[in-house]
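Going down the list, the sequences are from chains A and B.
For the first sequence, this note's numbering assigns the number 1 to the initial residue and increments by one for each residue that follows.
For the second sequence, this note's numbering assigns the number 116 to the initial residue and increments by one for each residue that follows.
You may find that some hints are simply not true.
[Said to hold, decoys possible] As a list, the in silico EDC-like pairs of lysine to aspartate or glutamate whose alpha-carbon atoms are at most 20 Å apart: (1) 36/A to 203/B; (2) 19/A to 85/A; (3) 40/A to 203/B.
[Stated by the list, open to error] Covered stretches of chain A, going by a simulated chain B footprint (3 or more residues, C-beta under 8 Å): (4) 45-59; (5) 103-115.
Calculated from the structure, these hints are not laboratory results.
Quick reminder that beta carbons are idealized off the backbone N, C-alpha and C, glycines included.
Here is how the chains run, residue by residue.
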Amino acid sequence: DTAVSQTPKYLVTQMGNDKSIKCEQNLGHDTMYWYKQDSKKFLKIMFSYNNKELIINETVPNRFSPKSPDKAHLNLHINSLELGDSAVYFCASSHPGNPAHYGYTFGSGTRLTVV
Amino acid sequence: AQSVTQLGSHVSVSEGALVLLRCNYSSSVPPYLFWYVQYPNQGLQLLLKYTSAATLVKGINGFEAEFKKSETSFHLTKPSAHMSDAAEYFCAVSVGGANNLFFGTGTRLTVIP
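All chains, full assembly: derive it from the sequences and hints.
Set out below in structure tokens:
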């Protein structure tokens with residue numbers, strides 16, 4: 001079973017559309033994250049979320065919003081997509097309270113292309 | 116604020132040669148340090164981590180890294196490169212646990228037959 005799974009793996013859409021990327025983890029972790037990887041492979045945190053707190057990177061446009069129906073899911077919704085949103089988006093999870101589990105488990109990524 | 120710097124965006128080694136990927140960190144408090152590997156079109160996989168226990172950390176696939184506080188470094192090494200090691204490698208730092216890892220800009224490792 002995949003520990004952190006994202007869907008879809010590829011997403012091609014037109015400018016101005018609204019889209020969602022889904023993420024699910026079956027590790028029992030209590031914190032989930034969204035990262036954006038640009039064309040130069042740079043990884044930038046967008047959000048971290050547990051059932052108590054959402055931390056938003058202040059540089060993330062408010063067109064991006066995380067939605068968590070439960071502890072095992074953190075979806076990413078994007079409104080009014082722009083060309084610059086094209087990137088690979090990674091979901092990750094961790095269990096910060098337990099040092100033995102320090103370090104993220106990543107999903108395989110969603111390659112978003114806005115045309 | 117914490118950050119990591121990876122020296123060399125591209126490193127090429129011959130198959131069987133030593134692999135050395137450099138990472139220096141900046142942190143005002145004791146850091147937690149990580150190395151991740153990303154194979155083409157895949158997610159990131161944890162290679163190894165330093166969480167204030169032993170300074171020499173052994174990871175998967177024969178990789179290891181040594182935490183050197185005096186040099187603020189956490190370089191990744193492997194004695195003998197294999198073709199399957201070709202990938203992108205990321206150093207990352209966090210403070211106070213696993214929340215909010217800050218990644219370096221990555222080093223692409225090429226292994227020459």
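So, going through the hints one by one against the coordinates:
1. Straight-line distance between C-alpha atoms of residue 36/A and residue 203/B comes to about 16 Å, which keeps the hinted pair within the 20 Å bound.
2. Restraint check for residue 19/A and residue 85/A: the C-alpha separation of about 11 Å stays at or below 20 Å, so the hint holds.
3. Between the alpha carbons of residue 40/A and residue 203/B the distance comes to roughly 11 Å, so the proposed pair stays at or under 20 Å and holds.
4. Residue count for the region 45-59 of chain A with a Cβ under 8 Å from a Cβ of chain B: 3. That meets the three needed, and the coverage hint holds.
5. For the region 103-115 of chain A, the stated coverage by chain B is satisfied: 7 residues place a CB nearer than 8 Å to a CB of that chain, which reaches the threshold of 3.
The structure is consistent with each of the numbered hints, conforming to all of them.
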